[in-house]
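Chain by chain, the residues run as shown.
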Amino acid sequence: MQSSKKVVVLGHFGVGKTSLIRRFVTDTFSDNYKVTIGVHITKKVVEIAVDSTISLILWDLEGTDDIQSIRQSYLLGTHGAVFVFDISRPSTFQHLNEDLQLVAEKMPEVPLMVVGNKSDLVEDAELKNLLQAQELTVDFLTSAKTGSAVNELFLKLATILSSDA
Amino acid sequence: MYPKMDEKDKLEILKDILLADEHEFEAKISRRIEQLEQTVNEREKLSEKVDPIIAFQLQEFKESIPENLGPTITETLRKEIKINKDVVVDALYPILGKMIKKYVAQEMKLLSDKMNNQLSFLSIGKRKFRSFFTGKKEEELMMDDLATARIQQVLLIEKDSGILKASFSQSDAMDEEMVSGMLTAIKSFVEDAFNQRDQNLELIEYELYRIHLQSFATHYVAVVISGNFVLSAKNKLQDIIFDFYNSFMAMNLDLVFETNNAQKSIVPVPKSRVERELAKYFGNAKL
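Protein chains in written order, with our numbering: chain Z, 1 to 165; chain B, 1 to 287.
With the rest of the complex left out, here is chain B:
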């Protein structure tokens, strides 16, 4: 005999039978929600899922910046410069200002030195004289003089070691011993790189200056020149260097080895004497 069921119990059994599938579906959904909750709440699990997506989006964004934002940025900068010119100038001045200031100061100094030379009483007299005989205007002659190449510095350097033997300078602007070493290193590097033992580096250009290098057997002469260093000026300079070499260096066995006189003892010449000779040859030279 089965126990007697009331209406409510019967209804429950009927519900269980009819809604069995829905119950299973409900349980499945709860499990998925639980899993999702776990993923969202636990940072590591979330980042595992989301990071690759964000990375991909970021990469796409980065790649599209020039195309999408480039014109906007350019336009913004243009407007900003137009409206707040002073602020932009203030921001850029420390960087550009120093460069421009240095350049202008250097140029002004050079121009001022040249003008002073040109305006001296003697120069004016000479120019008037030249103008009278050549028929050229004084202004033109003055401009010609300003553009002329001038010797600023002469360094006599031992070829292998880069040790400075003597120097002549119009101004004391640099550490000549260090420059001699550096010039020798550059010279060695270039000559090594081209693997041409019988060829020499002859010219280095440095903004307003040219450094002419003339090599001999054991030494080389580096001449720093400002102004317009044209071919005729180069020829004149080489003549001066060779004159110096022939009349002075050839006598100095410390500098040049004479094969036909090998028994002769080496006589070192004092630096001061070499420097006097350099000043004599290069000091008033006209290129």
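Just chain Z, same shape as in the assembly:
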């Protein structure tokens, strides 16, 4: 039996939320930056085991510098969430822990994946130092451009959601 789960993808402006979803759903990437207004909804059926699939309904929320200002109605009934920041732009993760605290308050008990995107723009060693210096705990470092770790991210979330069902 296939179940459907609502997943919201949120974060600051221009961190690559839409690109991440596009890479996952259609396996494409575009350098053309278009701002998401309101919300954009896409769907992908993920095979988590033989004869077991889950339908992820992905809510790509418009970027905001103030996580508090996200419309509560868009978050209602969420089964899983992905918080994305841009590792090449410190302003998007300077207050990461506070941002995550707010997300947890808005969606208590919802499984959350913390993702540093645009890993192709930063050297590995630099990245390691950066994460250590900022004391950041990140679930995945992805690149929507190269596709690195994108499928792994959504597959892990899908697996968690299917076991919650």
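Derived from the structure by calculation, the hints contain no laboratory data. Heads up, some of the hints might be wrong.
To be verified - To list a few chain Z residues with every Cβ distance to chain B over 12 Å, as calculated:
1) T42
2) L58
3) K128
Claimed, not checked - For the chain B half of the interface with chain Z, some residues (derived, Cβ under 8 Å), not all of them:
4) E48
5) P52
6) I163
7) L164
8) D172
9) D175
10) M178
11) S188
12) F189
13) E191
14) N195
Ideal placement from N, C-alpha and C gives every residue a C-beta, glycine not left out.
Fit chain B to the given chain Z structure using the hints.
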């Protein structure tokens, strides 16, 4: 004793004395010409002087285009369309043609579906019968039938998450799960914007279709309707939705929470069963 001067030297001294002012004037003019030459020959210096003038002229020209050239352009286009109609049509066809083609195809399909229904043996029989008893012409009855609102699609959607629970459709034209999410986002946005928690978005108009939204406690029903969706049709549709709710949803604790029976465990109803019920209630409904 001064050296002896000849006539030529004397003349030169005299010229110098008499033309002193002219010499100075000549030198001044040469310096100005030199400066001008420099300005004209050096691009940067020239553009420094000329650019503001050109910019001003261009701006004036731009502003005067609608007034001065507007009628000429309109007239030219009019003539061009008259003379080279085919060329203009060719140029516009890719843009307009696709839109018109799509619209006409959609309309023809709808009309053809409706005509097929109307011309079936059973429909003709029914119409003759109705015509005999009502005294109305068969053509009029046929036109009435064609304009009737029809249910094209029914979606049963979880209110908060926008997850589709079950659906009934006359045709598989869209991704129902994505549409359910989008409808929920629109609904949430409108209800948020008006800041009225106790009010709900009830109708969305989409060209030839209307999407009627009926909200309940935890779910809402979205019904896509084609044709003339008048008040009487809306009332009939609401009756059908409430009947469905009362006779089926109320039994399903996964969908509706009964406060007087809170201890009862939640029994999820299989999607296939909900869809069978939707088809039963909405499939042959007349609005």
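Results for each hint:
1. T42: violated, 7 Å
2. L58: The claim is violated: L58(Z) sits with its nearest Cβ about 9 Å from chain B, within 12 Å.
3. K128: Label holds. Min Cβ-Cβ 38 Å, cutoff 12 Å.
4. E48: violated, 38 Å
5. P52: violated, 36 Å
6. I163: holds, 5 Å
7. L164: Result: holds, 7 Å to nearest chain Z Cβ.
8. D172: violated, 15 Å
9. D175: holds, 7 Å
10. M178: holds, 5 Å
11. S188: With a closest approach of 4 Å, the S188(B) hint holds.
12. F189: For F189(B), the interface hint holds, since the closest Cβ of chain Z sits about 6 Å away, which is under 8 Å.
13. E191: Result: holds, 7 Å to nearest chain Z Cβ.
14. N195: violated, 11 Å
When each numbered hint is compared with the structure, violations occur for hints 1, 2, 4, 5, 8, 14.
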